[in-house]
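Asks: So the sequence lines, in the order shown, correspond to chains E and V.
Throughout, our numbering is defined as the position within the first sequence, counted from one, plus 1.
Throughout, our numbering is defined as the position within the second sequence, counted from one, plus 546.
Everything labelled a hint here was simulated from the structure, so no lab data went into it.
Wrong hints could be hidden among the right ones.
[Unchecked claim] Restraint ranges, calculated between C-beta atoms of paired labels, are given here:
{"hint": "1", "chain 1": "V", "residue 1": "676", "chain 2": "E", "residue 2": "409", "range": "55 to 61 Å"}
{"hint": "2", "chain 1": "V", "residue 1": "839", "chain 2": "E", "residue 2": "518", "range": "20 to 26 Å"}
{"hint": "3", "chain 1": "V", "residue 1": "676", "chain 2": "E", "residue 2": "514", "range": "25 to 31 Å"}
{"hint": "4", "chain 1": "E", "residue 1": "436", "chain 2": "V", "residue 2": "636", "range": "25 to 31 Å"}
{"hint": "5", "chain 1": "E", "residue 1": "514", "chain 2": "V", "residue 2": "790", "range": "33 to 39 Å"}
{"hint": "6", "chain 1": "E", "residue 1": "208", "chain 2": "V", "residue 2": "839", "range": "43 to 49 Å"}
{"hint": "7", "chain 1": "E", "residue 1": "155", "chain 2": "V", "residue 2": "613", "range": "54 to 60 Å"}
{"hint": "8", "chain 1": "V", "residue 1": "839", "chain 2": "E", "residue 2": "454", "range": "45 to 51 Å"}
Backbone N, C-alpha and C fix where the C-beta goes; we use that ideal spot for every residue, glycine too.
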Amino acid sequence: MPRRTDLRSILIVGSGPIRIGQAAEFDYSGAQACRALRREGYRVVLVNSNPATIMTDPGWADATYLEPLDAETLAEVIAVERPEALLPTLGGQTALNLAVELVETGVLDRYGVELLAADVAAIRRAEDRLAFRETMLAAGLAVPESRVVRTVEDAAGFPLPAIVRPAFTLGGTGGGVAETAAALRHHVERGLAASPVGQVLVERFLGGWQEHELEVMCDAAGNCVVVCSIENLDPMGIHTGDSWTVAPQQTLPDGEYQRLREAAFACARAVGVATGGANVQFAYEPARGELCLIEMNPRVSRSSALASKATGFPIAKLAALLAVGYTLDELPNDITGKTTAAFEPALDYVAVKAPRFDFAKFPGTEPLLGSEMRAVGEALGLGRTFPEAFLKALQGREDAPGAVDLSRLGEPVPERWDVYLEAARRELDLPGIHPYFAEELRSIAVAERELAETGEVARAKRFGFPDETIARVLGVDEADVRRRRPLPGRLAVDSCAAEFEAETPYFYLSYEAADDFGPRERESVVVLGAGPNRIGQGIEFDYCCVHAAQAFRALGYDAVLQNSNPETVSTDYDTSDRLYLEPVTLERVLDVTALERPVGVAVGFGGQTPLRLARALAEAGVPLLGDPLPAIDGAEDRARFATVLGELGLRAPAWGDAAGGEEALALAERIGYPVLVRPHHVLGGRGMRIVRGPDELDLDGAALVDEFVEGALELDVDCLCDGDDAWVAAILEHVEPVGVHSGDSACVLPAPSVTEALEAEIRAAASALAGALRIRGFLNLQLALRGDELFVLEANPRASRTVPFVAKATGVPLVEHACRLLLGASLEELAMPERALPSRAWAKEAVFPGERFPEAAKRGPEMRSTGEVMAGGETVGEAYARALRAAGRARRGGRRGPPLQRARASR
Amino acid sequence: MLEDGTAFAGAAVGAPGVAAGEACFTTAMAGYEEAVTDPSYVEQVLCFAYPLVGNYGVDAARMESERVQCEGVVMRTSRPAWAAWLREQGVVALKDVDTRALVRRIRDRGVLRCAIGEASVAELHARALAEPPIDGRPLRRAVGTSEPYALGEGPRVTLLDHGNKRSIPRRLAKAGVEVLVVPGGWDAEAILETRPRAVLVGNGPGDPSVLSGAVETVRDLLGRVPLYGICLGHQLLGLALGHETFKLPFGHRGANHPVLDRDAGRVLVTSQNHGYAVAADDDSLVSHVSLNDGTVEGLAGDGFASVQFHPEAAPGPLDALPFFDRLAQACHAVPTFARS
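Turn these sequences into a full structure, and let the hints steer you where they fit.
Replies: See the structure below:
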């Protein structure tokens, strides 16, 4: 069937702020869908409150609403835009729940809006635990024994252990495993509170069973394919978002795998998935071959993003096209350009996903994994062997624990697999994992010993060891290893195991003969990504990387992206001219640059991850765009920074570096309490706290002690610099006073407290710093204002968290300008206006994982928010009120926000 | 070592010695036991494109015939238990081979003769060149049963065994018929004497165009008994109908081959293992086509239906399994005497 011609305008609902369980993957899927539908000639209307997303950029939809994601707002948008259809399956659980609400409240009926891809009955059959169970049993599919519970009493007497799963929640929120009757009561209580419909399912707990997922695509003709099988390395009981996973599945014989595949189709058909992607989760007990259906999501999910990146199959794009009537066999497989989308990818590599945790941010929460998702991000490793992929994922996490505690072997601790690996080295038994994975870990240990004996570096590389490991085993430094080994080959992620030639330049590196890939015609620029999402380094940086890639492309270069984060738009093969799905580590960046020979590498867009590599890259002879080293050193070395500020006559809080507790006490005495104490060079302010007296100052190890400018206002300033001068794009005023981490503060634009004189002072300060530190590209300043005293708290010579917000509020394509500056343009040449004027008043508010980490909602110097929302208004007050509502903190029915408005197109 | 002089390094993990044959690859990611025991791989060396082979051990119940049928196995990595089994089976096997490069080579050059094993490059090259091409000649090793045997209950379907996978009679019997498996060399009269409601011609190795006796048999059966074919059986039917067969550049081998069922308008993801295809000049008889390259994947007409792919899967998806149900249903519907 060709595409439907009875539809002209389609509403897409995003997933809102980044939360645990609902992250950047929905920007990826929404952006793909927007692009695909617009290319087909549909008018796309988009609603999303998340400013850091690519999809909310001008040019992705025909009308974009940066508005709160609630039914009331959506109804207003529908009333204004009058779309013929709503596509709810690309914005995660948020969009799906909203679609149900819009149907139930009669909004879609009233305006004659058709729900695409899934009807409400199907959504209910998938999401309502009881309906799902009944549907599956009717279809002859096994589900675990269970009971639907609406009160705590209903659950009494259920055989233990049991798992509690609230209906209609995200990432297992409010769920848990109960071993005792008391625990069951507790979990049911929590679950009922967490479920928007006051319903939980108490289910037989299949602890220790294997967990498998299948990513299914269906079309309107009834064709179904499995895009990817994903096997969890961790057993049932650890949320799949917190599990290490591998694709394709490794341990099921073909016949058993086909049972899962048939059951997945039967499940999708029974639920009634009309078109698009669905994710089906199974528990499998290998000894008896027992199979149970656990869950299905009738929408694009986190696993879909993973499956897309693991196979090259663009699930979200195809889901959008299938929703408007195409069938799989009518759509081309972009990767080969010759075959169709009606196929199942064949891999000739392994894709291992490692979750990234941030438990250190939440000292009040015991770092244990369970049925509630806790991971804040993930890294994907692709390799030709399991060890290669596994070790890449391990590195890609950027979170290697120093030493592991072997007494926790087999326990659900966040560093579970580091413990297993260490145990394998010591030849211990590896309990609780499939023998195949145990064998692979032991093979890593054996290969390490062989390497130590033989010193054969090339062989170790082919096995899959990173340089870092080889250096450690051989007791040499990484540069030595590098000199002794060949360069890896560039292999295409081609969805067909090389059976057809690939046309999309999506690569990973391995020690095999490289794929041929046409000659290059343009010089290239490498943009380094931000790695896995984490608190303090989220999707905002991916936004900057994506824009940078597009800008360099537009400026006549081949844009090359390197990143390990499968959730993002930056790892979409459509974003850059060449994509390397590799950890952003020194080794892999040196490999990519050796293969690419770029005119320059951009380290300023991906947050701290690439910035940390800048010096080593420069020392290895890699050209860095904008010569960032003086600025990095000047800004990060506190002593140098203080000297520079002093020379420029800029005020800074008094500070000092303390080697230990005694020194810190003396310092604090000299500076005067309260002081801000923090370990050096930390991301997102980890371990930072405010100390009000000597009795609170217990410290082991070195720390920075700063004067705490109590009661001051905090300002965030984003600037563009050309090495001599700075142009201020925006001065944001924080709603919370100094002392709350800037990433956790709400902020507004324009800044109400900034007078013209103060603005001039800030501009002068920015220009002076830009000149003194020779900054090119972005500069972010954090300033404190007490009375009329302006303090410089921090200068970051890189794209900041607020860049997307500012770009959207002012309509100035900041990243594009920054790219030109990095390539040598001056501010004068960019012909920037005197100042950037926000299109209206705008506010940004942070969103916290309070439902998972009880202490998370308390704002302090330690950053704890996972995402943010943006909203506009006639006044700053209105914008802030609306942002609060978008963050879910103002109750519905409270003060209604200003009339909604389309975000202004900014190009 | 390929006949064109390209050499790939690897480590021997199977039986000692040297093996030679036509190099081909499969992209299936699981089902290694099923693959190597599929008799269609006689006189071929099988390269697994998926780099991890042997992950879930070995179970004789998953074998598709009584022995490993391919001449040699080429892999990127191999688990120890699997390698030990290959050794036991007397199969030459290599690991640590850059199989992706090998697949690319075969894709770009077409299937090539090759030799693998522990020997010098020159020796292996000579062996590869000495290997006669698989086309245009009967194979040296005969496969398929030499004695008839039956399984299942119900109306009788006689299955002509040119080296078929065990899953074909098993799946067919499960659909509710008695399957009488007879040697592929039986002639039409002998087959009809078994009083079948339908005859199925199964898969097997080699170039179909040289099997003139088998083609003759199929031609004799046409119109006298409902005739079905799978893989080689489909090619023989094509030849019997007067079409030609031709060699595909590098074959279709894997578990992800999309096929359009033209009648139903549906896509089947199928398991395939064939190096030849039917060139049908009469489009009206073509029931299935490959969505990858447009080649004929099925024929249907009055009294016959055949598919180039493997509805019995093993390994691969079960999308095409209803082939057996339809066959069985037809047998229940058609009385024996109507066509004999």
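Asks: Okay, residue 676(V) versus residue 409(E) on CB: inside 55 to 61 Å?
Replies: Since the Cβ atoms of residue 676(V) and residue 409(E) sit about 60 Å apart, the hinted range of 55 to 61 Å holds.
Asks: Would you say the C-beta atoms of residue 208(E) and residue 839(V) sit inside 43 to 49 Å of each other?
Replies: holds (48 Å)
Asks: Given a hinted range of 25 to 31 Å, is it respected by the beta-carbon distance of residue 676(V) and residue 514(E)?
Replies: holds (27 Å)
Asks: Against the range 20 to 26 Å, how does the distance between the Cβ atoms of residue 839(V) and residue 518(E) compare: consistent or not?
Replies: Check passed, 23 Å falls within 20 to 26 Å.
Asks: Do the beta carbons of residue 436(E) and residue 636(V) sit within 25 to 31 Å of each other?
Replies: Since residue 436(E) and residue 636(V) have Cβ atoms about 27 Å apart, the given range 25 to 31 Å holds.
Asks: Holds or violated: the 45 to 51 Å window for the beta-carbon distance between residue 839(V) and residue 454(E)?
Replies: Roughly 49 Å apart at Cβ, these two residues keep to the hinted range, so it holds.
Asks: Do residue 155(E) and residue 613(V) keep their Cβ atoms within the hinted range of 54 to 60 Å?
Replies: This hint holds: roughly 59 Å between Cβ atoms.
Asks: Between residue 514(E) and residue 790(V), does the beta-carbon spacing fit 33 to 39 Å?
Replies: holds (37 Å)
The structure is consistent with each of the numbered hints, conforming to all of them.
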